[in-house]
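Chains A and B are the protein sequences, given in the same order.
Following numbering that gives the first Met the number 0, the numbering of the first sequence begins with 0 at its first residue and continues without gaps.
Following numbering that gives the first Met the number 0, the numbering of the second sequence begins with 0 at its first residue and continues without gaps.
No wet-lab data here; the hints were simulated from the structure.
The structure presented is a predicted model; accordingly, all values stated were derived computationally and were not measured.
There may be inaccurate statements among the hints.
Far from chain B, some chain A residues (derived; all Cβ distances over 10 Å) [stated by the list, open to error]: (1) 8; (2) 12; (3) 50; (4) 60; (5) 89; (6) 112; (7) 116; (8) 180; (9) 184; (10) 271; (11) 305; (12) 333; (13) 395; (14) 415; (15) 478.
Straight-line alpha carbon distances no greater than 20 Å define the calculated EDC-like cross-link-like pairs of lysine to aspartate or glutamate that follow [to be verified]: (16) 172(B) <-> 459(A); (17) 244(A) <-> 95(B); (18) 244(A) <-> 99(B); (19) 172(B) <-> 98(A); (20) 350(B) <-> 256(B); (21) 92(B) <-> 57(B); (22) 244(A) <-> 120(B); (23) 431(B) <-> 421(B); (24) 171(A) <-> 458(B); (25) 272(B) <-> 310(B); (26) 369(B) <-> 335(B); (27) 171(A) <-> 234(B); (28) 363(B) <-> 388(B); (29) 244(A) <-> 287(B); (30) 350(B) <-> 98(A).
No residue lacks a Cβ here, since even glycine has one placed at the ideal position from N, Cα and C.
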Amino acid sequence: MITDALRAAIGAANVIEDAAEREYYSWDLSQEPLQVAEIVVRPGSAEELAAVVRIAHEQGIPVVPRGGGISYTQGFEPSVAETVLIDTTRLKTIEINAEDSVVIADAGVTWEELYLATSAEGVRTPYFGPLSGRFATVGGTLSQNSLFYGSGLYGTSADITTGLEVAGVDGKVLRTGSWAQRNGSPFSRYYGPDLTSLFLGDTGALGVKTRAALKLIPLPMANQAVSFAYDTFEQAYAALHEAAKLEIAAELFIFDPANHAIYRKLGFSFLEGVEWSLHFTVEGIDDAIVDASVDILRGIGTRAGGGGREIDPSLPLAMRADPFGGGLRGFVGSEGHVRLPVHGVFPFSKVPAAQRGVVELIARNQDVIDRLDLRITFLTAITRGYCVFEPVVWWPDSIGPYRARHAPEDAVAKFGSVPPNLEARAAGTGLRREIALLMSSLGGTHLQVGKWYPYRDSLEPATYETVAAVKHAFDPRRLVNPGSLGL
Amino acid sequence: MITDTLATIVGAANVVTDDAGRAFYSNDLSYTDVETAVIVVAPGSPEEVAEVVRVANEAGCPVVARGGGMSYTRTFVPTRPNTVLLDMRRLDKVVEVNTDDMYVIAEAGVTWEQLYLACAEHGVRTPFWGTLSGRYATVGGALSNNALFFGSTKYGSAAESVLGLEVVLAGGKTIRTGSWAHHSGTPFTRYYGPDLTGPFIADTGSLGIKTRVSLKLVQLPNASVGFAFSVPTFDASNELTLEIAKLGIATEVYGFDPLYNGVFADLGFSFLKGVDWTVFGIVDGANDAIADAGAALVRDLAARLGAEEIDPSVPMAVRADPFGAVRSVLMGPKGEVWMPIHGIFPKSKAKAAADAAVAYFDSKADLIAKHDIKLSLLTLASGTDFIFEPSFYWFDELGAFRLEKIEKEWADQWKTIPHVAETREVALGMRKELAAIFDELGAVHLQIGKWYEFQSQVEPAYAETLLALKRALDPDGLINPGSLGLA
Chain A
0 MITDALRAAI
10 GAANVIEDAA
20 EREYYSWDLS
30 QEPLQVAEIV
40 VRPGSAEELA
50 AVVRIAHEQG
60 IPVVPRGGGI
70 SYTQGFEPSV
80 AETVLIDTTR
90 LKTIEINAED
100 SVVIADAGVT
110 WEELYLATSA
120 EGVRTPYFGP
130 LSGRFATVGG
140 TLSQNSLFYG
150 SGLYGTSADI
160 TTGLEVAGVD
170 GKVLRTGSWA
180 QRNGSPFSRY
190 YGPDLTSLFL
200 GDTGALGVKT
210 RAALKLIPLP
220 MANQAVSFAY
230 DTFEQAYAAL
240 HEAAKLEIAA
250 ELFIFDPANH
260 AIYRKLGFSF
270 LEGVEWSLHF
280 TVEGIDDAIV
290 DASVDILRGI
300 GTRAGGGGRE
310 IDPSLPLAMR
320 ADPFGGGLRG
330 FVGSEGHVRL
340 PVHGVFPFSK
350 VPAAQRGVVE
360 LIARNQDVID
370 RLDLRITFLT
380 AITRGYCVFE
390 PVVWWPDSIG
400 PYRARHAPED
410 AVAKFGSVPP
420 NLEARAAGTG
430 LRREIALLMS
440 SLGGTHLQVG
450 KWYPYRDSLE
460 PATYETVAAV
470 KHAFDPRRLV
480 NPGSLGL
Chain B
0 MITDTLATIV
10 GAANVVTDDA
20 GRAFYSNDLS
30 YTDVETAVIV
40 VAPGSPEEVA
50 EVVRVANEAG
60 CPVVARGGGM
70 SYTRTFVPTR
80 PNTVLLDMRR
90 LDKVVEVNTD
100 DMYVIAEAGV
110 TWEQLYLACA
120 EHGVRTPFWG
130 TLSGRYATVG
140 GALSNNALFF
150 GSTKYGSAAE
160 SVLGLEVVLA
170 GGKTIRTGSW
180 AHHSGTPFTR
190 YYGPDLTGPF
200 IADTGSLGIK
210 TRVSLKLVQL
220 PNASVGFAFS
230 VPTFDASNEL
240 TLEIAKLGIA
250 TEVYGFDPLY
260 NGVFADLGFS
270 FLKGVDWTVF
280 GIVDGANDAI
290 ADAGAALVRD
300 LAARLGAEEI
310 DPSVPMAVRA
320 DPFGAVRSVL
330 MGPKGEVWMP
340 IHGIFPKSKA
350 KAAADAAVAY
360 FDSKADLIAK
370 HDIKLSLLTL
380 ASGTDFIFEP
390 SFYWFDELGA
400 FRLEKIEKEW
410 ADQWKTIPHV
420 AETREVALGM
430 RKELAAIFDE
440 LGAVHLQIGK
450 WYEFQSQVEP
460 AYAETLLALK
470 RALDPDGLIN
480 PGSLGLA
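With the rest of the complex left out, here is chain B (with noise of 0.2 Å):
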């Protein structure tokens, strides 16, 4: 049996094969149907992945790495029922941090808060340092996913900060790609002929399974200012959130709608009640006087733009706990189910799409009432690109994964709400459609998975090109089907 054989290989205690638990780790956030895996092994070093992956290919069974779950697209679900899912989370080792060469290399399990807080104490952070979820989303996940927020707006996705990959093909094989491939090389940089760590990035896991990642370190700042603004409308704020991010200085740019201003009115933020649209962000600098020269080009481009300053205590407290807020990132204030959709699109579209999605909303606002979703309008700037995620937020059942990660005292109160099918079908429904509407208007996505349309999306020359790889690395199609719409 090869469930007996991988057993053997990662222990008995690392394995789960009750119904449950095979239900609990094959299901994400999307409340989509899944097959339900039949055996998840969690592996303690690269060297068990390759054997597992070697093992379970060789019995013609798919292979799905799940990092720490936090998927709404889909990525790590089942598409066959003899799939072999591999929790990644006990490779959770920060190899090295090198402060010489300016490099981390760390095990695909590791969350970006761990791997935050073993840089920091070497006084260096990664470039891109973590999403809101880092808590539990792991650098595997995100780099397989590609993700967004903490550093992005100066220094961009999870993508742009990797310098080298150790992954396992199928059938087992590992290869390192970068100068870490050289036979006397480390993980310094990501350009040795052809580019191989690109590929599998973003590839949500399509192509190999990641098990080491080499990561860009930068010094950790050592003065961070924070800036607020609030205007009057919806485009004001993407208008000013784009402006401020071509200025190339801000370490993070990001808009808050009335919904969210709301929340953290609540939460004690009061000077925010009644402030609709609001621009956050922090310059970062080597020393105070160039965050503050920074911070004052900000400004005076705020003012130019019309825009009014505020209290900036709203993105210094995010930057004061960086990874707290998992409850506020899974769910709504009252025990909402919260559903994001994003799409990328640049400046030049982000009127466009905006207007799209409002639109969108209006023509659904019976619809809306009548199931009692709410809605959100978050956005960022990565690099100088509009990252939009309208956010649908529900009362539904939570589920185990919900109720696991959020605080007892709010589980034992939310555990009870329950599934409204017609509601949840209505606000999936929605999901669906501004998806399509975005990519009439031309958006790229993160987090592809099994959710997003991909292969109607691209022009048939990519999609030929991107087969042909996928042919040359995973000819039988085991590792992570049906991801990216790749049998």
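Chain A on its own, in the form it takes in the complex (with noise of 0.2 Å):
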């Protein structure tokens, strides 16, 4: 029985069986459920992890490897029943190299674990994590890839790796770059073909992360923030799209309309009355740079896009100022609203045109949005050298075992017990589908492809052979995340 080699290898305690707790580690956040894994373990060590990775595939029993779970993208939901689930946040360790400006993280720590760890040295990650970093880890993360948090000058999370450790089908631990060198650490990506990258965005396709190096950087002494204000999303983006350009700050996104509304209810008032938003956070080594660079911004905040507004930089300071407090809130909006993100990379020439499709997109569907309660917010960011769009689709529904034991208190003391609204449901997901196939039309690409995004269909077929012939290579049986990326 695998159940019992399992428990033998990892204790029983962390062989979880029970029903209930197996659907909460088996669904995402998407309202889209796919199966429930049957068994669910919680390994408490890379060697643990690949010992389970070994005896599933000595059974035949595929494996998906599990993070923080805010997947919105059936990143981790099983395909199939017959599925162990690894649970990856025991995986805790955290290796700081400041002199070799590396670190070596657990697949299962935080990026609010690792920002604290680190910052305590007086270090970072260069990009140091999304929004959802109280939940999201270092090993999910990598295996979708993600940005916000110093994206504006350092990029994606896949931009900062420089090595990796997988558990591969066999068990066997693959470490990439010069972690493979015989006498190595893990301070460069390049040595020979980058094998890392394979690995990265590859939504847990080709092996399980177990251990992961990221580079550091000094801790920004100076840091300052600069808000402008305008009438259109055009005239914002302009000045987003020519600053992004410059590669001077650190963060920089487009707030909307109705995100404003939810702010001023937070205390932001001086939202009032402002349609558009535009925010830079500024970041550096010493007060001087950062005076300069925050001179420029505000130089192409006021004059491009026919000339913003400046106001009250508070919303990105206070982002700042507590980065992985803010994401809690988008669980549950304040009304019982389930938010659900849809995004599509885009060149920066791309983007208005895409906004455009999907606001014609929406109101061609007004009614239904009306009846239903559904509601469309947006984000525009930024990672280096391109832009990310992203509207949030929200409905009136059943908050699922996840939010339920994440969410803030009160509003699973206020919405735990909404009963499904399927209706609504229906509407919701069809709607944030039609948003993910009309970015792709156009174009765009997307971070955390996992089971939801419409990869093999967008990309080039000599490409798809070439990522179907590598998952064979590594994984003949297909026992290690299928169906992620439509393999």
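Fit chain to chain and form the complex, with the hints in mind.
Dropping the structure here:
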């Protein structure tokens, strides 16, 4: 029996068979559940995790790795019931090497834990986490790719990775980059062909990450923010585009009127009367550099797009003051809506067309949206060199097992027993999918492909065949997160 | 005959079949034995490359791509007599400089100098923007081997500036990677699902033949400030170089040794007379205030570490004519051949690496003196990594390639220098021994080719995974066999 072997390998307490628990671990936030895993395991170390993979492989049972659980794209939802779901969140070791500017983190370390541990030693990863960094883990994020804090200067989680440790299907542990050198350490990604890359953004399809090496930079000594208001998205975006090309801001993003309404209620009263707002966070190793950069951004913000009005920058400053606190509000709206983001990754020039397309798509569905109380907000954010356009679709619905456990207590008390609203859910998930297809038709790509975004259909066949050939070479029996990436 | 078919594909004028011509193209700068290619073809387009590969592979002939020819590690030298060598330099089009979306698409045979000039016209450049040999080194060759210098301290190696590749695989199938593989996409990001770009970078041409590449663009700086310091010892030079690199604000930081400072003193930089160890570099900025503030931080740091500030005209001169120093990267000041070897180390191993090299040279002092071999110890920071490149100089037969690349007046003077077998053997033997010493210390390498030990230096799991990938992409082993030790 596999259960016995798993219990022997990682301890009986870490092999979960309870039905409700398995449901909690198996379903993400998408409101589109797939299967419930037959067994959930919680290994306590990279070695235990490798043992789990080996045992499952010997029995021919698929494994699926799960990080913090905040996927919106069925990343870790099992595609078959006979699955061993691996909760990686007990893998918590962090080794900081400030001398060599690298940190080795276990897959289950959250971005908040990593930020706190590194900043205590005066260093930080260049990209330092998504808004959901209180939950999102290093392993989950590298499998799905993500951006936000520091991304304007340093890119996504993929850009800061110098090496990976991966448990292959046979339980063999692969290390990549300079980590694979027999006397080496994981300071450089490039030593012969870059195999790290294959496992970044693979949504866990090619192997189970156990540890990751990430770059470190000195903690910035100076931080400022500057914000502007515009009448239209196009105006705000013109300024964002010009500023993004300079790569001098750490975070750059646009909020929409609907988001302003939410933030006004939270006390950001200066957003009263603001239609579209543009925000920059600037960081640096001394004040002179930061001041000079802010001056440049102020020049752009007040001139580009017909000229914006400078407003109180306390929104980006508040985010920086509590970088991973704000993400919690995203779980459940104040009126009990679930919120589901859907994004397209675009070259700068294509964002205005994508935004117009989505606005038109919404207009065509306005009757249903009004009738079922759906809402849509927009976040537009920059990562070094390109843009992520992210509409968020909201609808009233039951909150599901993940939100019930992790949303703020008052929200759970209020909305935890709301019954499923299947009509709104069908409309919401349908609208979300239509937006995804629209963005893909415009050339948009995606982070967090999971089992949800139209990856296979959007790729040139020759490239997809190559991805499939790599999958086959690494996982011939398709036992690692089957169904991910359409594989 | 396959040669006739190939001539039909690329045009008879673009085929070399005579003995001297085939030997010229089959040799690199490493003074090692090679097989001579059966034919050298110079395709004029990506389509012609694909057709050449298809025809050659169908006939069971291996294919090897050659860029500018500046390899010291047998990268493109054939290992089998029926090899079809592709001279890639006719793929010389800069296809698109996109300043809205900040990428440039170039064919593989474009040189770094050509690329830099084409981009600079539009006010942009690539983050890594070339090697000192960039007058001849091609984009495709540099990405296959990986490369360092201009831009490397801030932006890393050539690999880190890549957004996407177009690659011809064994059999002639063409794939594109990253967002370029999206059916409606452009090459603006490397990350869309598993990053297939990575394995083809630094593969030394073993997994496919690059035909076009997309590189990231950044704005040309509006201000550049040079800095230069004199330090008493090699260790002090390395410490200062790597501490400056950690600030994250210098675009290049590199160290000269007494030999190089002497050469530059003779070239007219008379302030270097009698100066032993120096650290040079550049801080770029979006405006004067930013560049000046950055340079001030560098100076403060240098002063704290006890370095003496000197005239910054060396780094400024290097920047003023970035690709003009071809002769000095090919040979020593008196017509000696130059033979580099490098190791890449994390900061914590810089001192051990420096000590080991110096101790090794001390142990060989008699042999070095007997054969009049000169040594230099050049250093560079790539990101925060220590790039250590000791070089050997000795008098030897220069050969057709070097003589073609240097000015006629020098070629005439130096073309009669004879080959002294014992001297060459001693120098090449020392080069190999030093590489082994570096590997023992955990070094990694660019430009692995067929010269650096690789299979024996990586962990078995890595070697097995790489072999599985090679088999998946090139089942019959017909793409640059022998590269990376892959048959």
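### Task
Please confirm whether residue 333(A) is truly not at the interface, meaning its C-beta sits more than 10 Å away from all C-beta atoms of chain B.
Fine: 34 Å to the nearest Cβ keeps residue 333(A) off the interface.
### Query
For residue 50(A), is the shortest beta carbon distance to chain B beyond 10 Å?
holds (16 Å)
### Task
Would you assess whether residue 116(A), listed as outside the interface, keeps its beta-carbon beyond 10 Å of every beta-carbon in chain B?
Since the minimum Cβ distance to chain B is about 19 Å, residue 116(A) lies beyond 10 Å and the statement holds.
### Task
Would you mind confirming whether the straight-line C-alpha gap from residue 369(B) to residue 335(B) stays at or under 20 Å?
Between residue 369(B) and residue 335(B) the Cα gap is close to 16 Å, so the pair holds against 20 Å.
### Restraint status (C-alpha distance of residue 92(B) to residue 57(B) at most 20 Å)
Violated, at roughly 29 Å.
### Task
Mind checking the alpha carbons of residue 431(B) and residue 421(B) for me, to see if they're no more than 20 Å apart?
Between residue 431(B) and residue 421(B) the Cα gap is close to 15 Å, so the pair holds against 20 Å.
### Query
Does residue 350(B) pair with residue 98(A) here, judged by a C-alpha cut-off of 20 Å?
Given pair residue 350(B), residue 98(A) holds - Cα atoms ~13 Å apart, limit 20 Å.
### Task
Verify the proposed pairing of residue 363(B) with residue 388(B), using a straight-line Cα cut of 20 Å.
holds (18 Å)
### Message
If we take the beta carbon of residue 271(A), is the closest beta carbon in chain B still more than 10 Å away?
### Response
holds (34 Å)
### Task
Mind verifying the non-interface call on residue 395(A)? Its CB should be farther than 10 Å from each CB in chain B.
holds (33 Å)
#### Entry: Assertion that residue 89(A) lies outside the chain B interface [Cβ separation over 10 Å]
holds (24 Å)
### Task
Sort out whether residue 98(A) lies within 20 Å of residue 172(B), counting only the CA atoms.
violated (45 Å)
Taken one by one, the earlier hints fail for this structure at numbers 8, 9, 19, 21 and 27, listed in ascending order.
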